[in-house]
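What follows is the residue order along each chain.
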Amino acid sequence: NAGVMQNPRHLVRRRGQEARLRCSPMKGHSHVYWYRQLPEEGLKFMVYLQKENIIDESGMPKERFSAEFPKEGPSILRIQQVVRGDSAAYFCASSHGQGAYNEQFFGPGTRLTVL
Amino acid sequence: GQQLNQSPQSMFIQEGEDVSMNCTSSSIFNTWLWYKQDPGEGPVLLIALYKAGELTSNGRLTAQFGITRKDSFLNISASIPSDVGIYFCASSNAGGTSYGKLTFGQGTILTVHP
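For the protein sequence lines, the chains are A and B, in the order given.
Heads up: the first sequence at position 50 corresponds to 50 in our numbering, and the numbers run straight through without jumps.
Heads up: the second sequence at position 45 corresponds to 1045 in our numbering, and the numbers run straight through without jumps.
Just so you know, these hints were derived from the structure itself, not from any lab.
Hints are supplied without guarantee of correctness; some may be wrong.
[Stated by the list, open to error] Have a look at the derived ranges for each label pair, beta carbon to beta carbon:
hint	chain 1	residue 1	chain 2	residue 2	range
1	A	N102	B	S1026	24 to 30 Å
2	A	S87	B	A1052	38 to 44 Å
3	B	Q1014	A	I54	46 to 52 Å
Since the model is a prediction, treat every value here as computed from it, not as a measurement.
Idealized CB from N, CA, C, for every residue including glycine.
Extracted from the complex, chain B is given alone in its bound form:
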């Protein structure tokens, strides 16, 4: 089946540092999404990307949809303690028989030291 390779697996950073994580796939997708999951909760959507090459920001978060449609990255600038959590990339191919079901990466565990 389709798989997303997400890296790094975990990150330990100091408050104020910038963070970068990425996702790659062997398949082409037409949508890339980035989610954050807090302990004991479901994923919450951070950024959605719908067009190859698209660069989108949401506050301190910036994400890009790779031009090949096989990769995406997420940057977090000036990290703060509440950024702690697990970040997942996800992708889908809406239309046809995929019905928008999401394929998730393995997650990046982010720890921010004050």
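One chain only, chain A, in its complex shape:
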């Protein structure tokens, strides 16, 4: 059973370009969380999605950032018009259900560098 997959592992963009980060959850998982990690910091929650629905986007910047988890295919975190401050590692995690007893399994992350 493959774990959470993220691609690309590394992404380099110039200021103003768009970044698309993909996350394929573990088989059987329908809950996806996205987190951002700045250098030498802990992970910060961005958004929580279930299939086709955004449940909680309280941690996601209101502008330029969007997320989706379509019925078919991976979850996508999209950053438009990237700026240098967007440089970070972006992790997604998936779980079987929501709540404390449903462990979140993390992917290896996408490291975004904005030049």
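We have chain A; now place chain B onto it with these hints.
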């Protein structure tokens, strides 16, 4: 927003020594978790704690959920070189509107000298 204060920030120890790190919060949580992150990878769950006062072991690792529900500690006994990495505490309040989203501490960087 909710924050976790994790200490120490970094530790340099000799192989075989015991290690202790802790996390505190101004808010009450009903779940405490400890993760390890290796360079270039995502966090991996080490221990999960669901009940105030709970003491749980996983091999050489022991963690406790504070009775006040505002703190937790992680102990590693007889450290070995592969214990090197960044250790994070995390907590959540499942139920209601929190949906189990995790709040992370700042991390403890552990270096083990052979």
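Would you pick out the hints that fail for this structure and give their numbers low to high?
Result: no hint breaks.
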